[in-house]
Amino acid sequence: MSWNKVAVVGAGLIKMGELFDQSYEQMASGAFEAAVASVDKGFEPNQVEAAFVATQRGTLWGQEGIGGNTIPTAIGLAGIPCTRIENACPSGSDAFRVGAMAVASGVHDVVLVIGVEKMRDKSSEEGLLSRAAAGHPIFTRGETAPVLFAPFATRHMYEFGTTREMLASVAVKNHYNGARDPYAHFQNEITVDDVLKSPSVCHPLHLLDCCPQTDGAAAVLLVSAERAREFTDKPVYVAGFGVATDHPYLHEKDSFTEIKVTRMASQRAYAMAGVGPGDIDCAEVHDCFTITEILDIEDLGFFEKGDGGRASLEGETSLTGRIPVNTSGGLLAKGHPIGATGVAQITECWWQLRGEAAERQVETRNGYALQHNAGGRGSGVAVVNILTNRTDAP
Amino acid sequence: MTTARFDLPSTDQETQPFWDALKEGKFLIRHCNACGRDHYYPRPFCPTCWSDDVEWKQASGRGTIYTYSVVHVNDLPPFHERVPYVAAIVELEEGPRVMTNIEGVPFDELRADLPVVVEFKAISDDVTIPVFLRNSADR
Numbered sequence: 462m463s464w465n466k467v468a469v470v471g472a473g474l475i476k477m478g479e480l481f482d483q484s485y486e487q488m489a490s491g492a493f494e495a496a497v498a499s500v501d502k503g504f505e506p507n508q509v510e511a512a513f514v515a516t517q518r519g520t521l522w523g524q525e526g527i528g529g530n531t532i533p534t535a536i537g538l539a540g541i542p543c544t545r546i547e548n549a550c551p552s553g554s555d556a557f558r559v560g561a562m563a564v565a566s567g568v569h570d571v572v573l574v575i576g577v578e579k580m581r582d583k584s585s586e587e588g589l590l591s592r593a594a595a596g597h598p599i600f601t602r603g604e605t606a607p608v609l610f611a612p613f614a615t616r617h618m619y620e621f622g623t624t625r626e627m628l629a630s631v632a633v634k635n636h637y638n639g640a641r642d643p644y645a646h647f648q649n650e651i652t653v654d655d656v657l658k659s660p661s662v663c664h665p666l667h668l669l670d671c672c673p674q675t676d677g678a679a680a681v682l683l684v685s686a687e688r689a690r691e692f693t694d695k696p697v698y699v700a701g702f703g704v705a706t707d708h709p710y711l712h713e714k715d716s717f718t719e720i721k722v723t724r725m726a727s728q729r730a731y732a733m734a735g736v737g738p739g740d741i742d743c744a745e746v747h748d749c750f751t752i753t754e755i756l757d758i759e760d761l762g763f764f765e766k767g768d769g770g771r772a773s774l775e776g777e778t779s780l781t782g783r784i785p786v787n788t789s790g791g792l793l794a795k796g797h798p799i800g801a802t803g804v805a806q807i808t809e810c811w812w813q814l815r816g817e818a819a820e821r822q823v824e825t826r827n828g829y830a831l832q833h834n835a836g837g838r839g840s841g842v843a844v845v846n847i848l849t850n851r852t853d854a855p
Numbered sequence: 055m056t057t058a059r060f061d062l063p064s065t066d067q068e069t070q071p072f073w074d075a076l077k078e079g080k081f082l083i084r085h086c087n088a089c090g091r092d093h094y095y096p097r098p099f100c101p102t103c104w105s106d107d108v109e110w111k112q113a114s115g116r117g118t119i120y121t122y123s124v125v126h127v128n129d130l131p132p133f134h135e136r137v138p139y140v141a142a143i144v145e146l147e148e149g150p151r152v153m154t155n156i157e158g159v160p161f162d163e164l165r166a167d168l169p170v171v172v173e174f175k176a177i178s179d180d181v182t183i184p185v186f187l188r189n190s191a192d193r
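Chains as they are written, first to last, in my numbering: chain A, 462 to 855; chain B, 55 to 193.
These aren't lab readings, by the way, just hints derived from the structure by calculation.
Hints are not guaranteed to be accurate.
Stated by the list, open to error - 20 Å max Cα-Cα, derived SDA-like pairs, lysine to any residue: (1) A/Lys583 x A/Pro673; (2) A/Lys658 x B/His126; (3) A/Lys466 x A/Gly567; (4) A/Lys721 x B/Pro150; (5) B/Lys80 x B/Val171; (6) A/Lys583 x B/Leu130; (7) B/Lys111 x A/Glu713; (8) A/Lys583 x B/Asp129; (9) B/Lys77 x B/Cys103; (10) A/Lys658 x B/Phe161; (11) B/Lys175 x B/Trp73; (12) A/Lys583 x B/Pro131; (13) A/Lys658 x B/Pro138; (14) A/Lys695 x A/Lys583; (15) A/Lys658 x B/Asp162; (16) A/Lys658 x B/Val124.
Based on the provided sequences and hints, a complete structural model is requested.
What follows is the structure in structure tokens.
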């Protein structure tokens, strides 16, 4: 039996991009308004009983000591309980999971989950890159974000014959999808040749193998399953979720051909939802780099280990493929405003399961969509959420 | 004028013998007397069996590249002066893996399983770090 104790009745985001002209609070309120406006039968902002805010890099604009407490004020709800969730790249996914548990516990009937991130206001030296000097005091100096994934690509190529063309095909597919997503940061198509000829960043990853730094916000409204139909006749339920942790330092990884936390978190989510990888109609997965998506689709069980590169190259994850992946454009094209990323992925799954994904709409035969993030230096944590539009879920 | 450096480790009491040994040309790992496994980085207890019966052990310094990347972009000083450089995971003969740099190997000759051997490189008056070179004797 799927868990199905909590329903998503509203979801929305703002156009991702370099949003120098918008404040953190402005971005949050834009996402909140979009989520409120999406509720079929109407929603009054004061129906929100509590909020969970996902922001991973509060240090980027001086919010490190404030938690999520500027958000209720920004959206006109000062007074409600509000808690900030920070859990590396899956911060948004985890805020969603925690929000769902808050509703399922019976403490709150209506919860707002909102992800907001400002990535571009500070220079890379002050911002994301400064983490290259953080983490373990001895053994991780100089690790940039691509260094945390490129060695996986090298080893995957060595063991399975994965090629740069296979990696590139992931970026080509996600840009194709992004060009059909009005909220995506990048809305242009690219070719395999564009990826291969872009500058080398961190061998074997080139510039177009990497996601951009993006500002953005996304929000979803969660209610108890019993009350879902007060808000919509097309509720989407939380079928299950899973979280896992692993060594965040590369030298302690058991394997460089899998992201272990992804496998573990998905197994937990599948068990909770009572389904398997073959039941998933489409998935939004963590493609911070092209190699990451190839690892994801193997570790989530969509393809055999080592087969992810071939499957990507042959279009099995395209909009019309066997299992469409990152229909929104993914992190590579839609962007990766860290705290907002998972919530934006949930929004795409919600649209797909309601048949509202326009040009990107895929066939949802089984009624299940999967959302996934991994991160935390060398993938120390992953979160998987599974959504369903089925009320008769097995 | 001093420029900020992001490559210097924060040494502590627990790891001081490791850093002192590097200056003397010795690469230390830790051995667990309870389960017999070696580990790295050095910890006050064994990460496999949690025993605190652990002691320093000099590694042979030989190993193979497990995986690597050539880093072309890193703006942080002093890495911005070092690009392109090789970030690698080396698997030591004794088992544990080490995050490190490979030096002196042409990029097109890098590959997983390439035999390498430790070299000691002073990066400041106080700090010597282990890097790895191709182990020609082992080809």
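Outcome of the hint check:
no.	hint	result
1	A/Lys583 x A/Pro673	14 Å, holds
2	A/Lys658 x B/His126	15 Å, holds
3	A/Lys466 x A/Gly567	10 Å, holds
4	A/Lys721 x B/Pro150	18 Å, holds
5	B/Lys80 x B/Val171	12 Å, holds
6	A/Lys583 x B/Leu130	14 Å, holds
7	B/Lys111 x A/Glu713	19 Å, holds
8	A/Lys583 x B/Asp129	14 Å, holds
9	B/Lys77 x B/Cys103	30 Å, violated
10	A/Lys658 x B/Phe161	18 Å, holds
11	B/Lys175 x B/Trp73	12 Å, holds
12	A/Lys583 x B/Pro131	17 Å, holds
13	A/Lys658 x B/Pro138	18 Å, holds
14	A/Lys695 x A/Lys583	41 Å, violated
15	A/Lys658 x B/Asp162	18 Å, holds
16	A/Lys658 x B/Val124	16 Å, holds
Violation of the numbered hints given earlier is confined to hints 9, 14; the remaining hints are satisfied by the structure.
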